[in-house]
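**Q** Take a look at the letters that make up each chain.
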Amino acid sequence: MRFVETVWLVTRKDLLIEARSKEILYTTLFFAVSCVLVFAFGFVREGRPLGDAAAGILWIAIAFSGTLALGRAFERERQSETLRALMMSPIDRPALYVGKLCGVLILLAAVELIVVPLVGLMFQAPLFAHPVLMIGLLLTGTVGFAAVGTLFAAMLVRARSRDVLLPVLLYPITIPVIIAGVRGTAALLQAEVDEPMARAWLSMLVFFDVVFVTLALWTFEPVMTE
Amino acid sequence: MNRLYPLLLLVTAAMFAYAPFMILAAPYESTMGLIQKIFYFHAPVAMTMFVSAFVCGIASAIFLFGGRPGADRVAMAAAELTSILGLIVLVTGPMWARKAWGVWWQWDARLTSTLVLWLIFQAYLLLRRFGGPGSDRLAAGVALFGMANVPFVYWSVNVWRTVHPTTTVVPSLQPGMRGPFWYCFLAFVLLYVSVLGVRTRLEKRRAELEALYLAVEE
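Chains as they are written, first to last, in the numbering used here: chain E, 1 to 226; chain W, 1001 to 1218.
One thing to keep in mind: the hints can contain errors.
If you want the footprint, here are the derived chain E segments under chain W, 3+ residues with CB under 8 Å [stated by the list, open to error]:
(1) 135-147
(2) 153-164
The following label-pair restraints were derived from C-beta to C-beta distances [unchecked claim]:
(3) L1009(W) - I106(E): 38 to 44 Å
(4) E5(E) - R1003(W): 56 to 62 Å
(5) R1206(W) - V38(E): 22 to 28 Å
(6) V1011(W) - T214(E): 38 to 44 Å
(7) F1130(W) - R20(E): 48 to 54 Å
(8) I1088(W) - V132(E): 42 to 48 Å
No lab work stands behind these hints, which were simulated from the structure alone.
In this text, a Cβ means the ideal position worked out from N, Cα and C, and glycines have one as well.
This is chain E alone, in the form it adopts within the complex (with noise of 0.2 Å):
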């Protein structure tokens, strides 16, 4: 009981902080906006998109922007040392992280609220034509990604040259999720849907989502530890 506690008190704080700055939602959402914008100027020829780019732009937009997104929130516990605070009260570690990890959670389940129809209706794709499995897909694709990106955002908080390092280690660890997340999603939105194969995708995912959180939990305490 706990545990879950712990994990509801620190998402509220990141919540709390968050809706009276709105600074992370609105910047990371006009990024992710802009982002599928520049994009659709590389894919689409006259007037039509390229096949699978729907698939591909929506994920490179959550990416990146979760990414933008992971950055901020953590910059922010750096600047007034509010992390390190966190590290010295007396709660678990994994609680702490899951709490952080519920926080960037929400916030990317808000942009991608607003990018997913935005991609739908500018690459005229069927995003929500499967609902189960379209849903299935984002949460388990933003639930592996945000695990790896949670960690080592937390991790960056007291290294040098943290934004560049950021990206340089989340892409390669994450781009198998990435690729599952286009895969499926492609597979959804092709002439003829190919629902088994958006359901292996999807257990595949699942499978990321699992190893990912599980490994995250295991390191993130004696990384933290200074």
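Fit chain W to the supplied structure of chain E, relying on the hints for placement.
**A** Structure of chain W alone, referenced to chain E:
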């Protein structure tokens, strides 16, 4: 280790000197002919790379959870070697692919996941180089994720349909090829162990030197 080391080096050198004769004597593969010979180089290096990634991951776990600085030095040496071995794999693979498949690179599961594994270890080295103080612990965390990727690379050929030969090739080699193959693998493992030993020692000396400098300054 000190006394055994020259012997290890000698055996490794001798094995590498004799390897071309073993590979020459191995039978020709019926469809690929001469180009198949690169297999004796490519596959053992790839297997040694997997071993190296595991050494790095396990040493990092010992460093993270046991707090032994020695394990961190082993992990760093192993990460550097993983990256070099990975480069060899990624260079020899396309050389073979150009002849066997007609293209240098194919975006299939084995090739992509090997590239990803290599990139993770590049990221590890970048973090150690530019992360500043305390980056050793952070890098150890990255190494654990790198190690978790190895089984994925290994099984990728069996899960997806790929152009890359599957893992059944090595156990089902014909007798004439089996000998040279395992000989080459052993040679690379010995080379790996000797270089790992030297690199770890160098790192240890550097840490000692740094400690001495600090002591003088105080």
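**Q** Look at each hint and say if it fits the structure.
**A** The hints, checked one at a time:
1. Proximity of the stretch 135-147 of chain E to chain W, defined as three or more residues with a beta carbon under 8 Å from a beta carbon of that chain, is not established by the 0 residues found.
2. Requiring three or more residues with a Cβ within less than 8 Å of a Cβ of chain W, the coverage given for the stretch 153-164 of chain E holds, as 7 such residues are present.
3. For L1009(W) and I106(E), the hinted distance range of 38 to 44 Å is not satisfied, since their beta carbons lie about 57 Å from each other.
4. Between E5(E) and R1003(W) the C-beta distance comes to about 60 Å, which sits within the given range of 56 to 62 Å.
5. For the pair R1206(W) and V38(E), the supplied restraint of 22 to 28 Å is violated, since their beta-carbon distance comes to about 45 Å.
6. For V1011(W) and T214(E), the Cβ-Cβ distance of about 41 Å falls inside the hinted range of 38 to 44 Å, so the restraint holds.
7. In this structure, F1130(W) and R20(E) break the distance hint of 48 to 54 Å, their C-beta atoms being roughly 34 Å apart.
8. As the Cβ distance of I1088(W) to V132(E) is approximately 46 Å, the hint placing it in 42 to 48 Å holds.
Going through the hint list in order, the structure does not satisfy hints 1, 3, 5 and 7.
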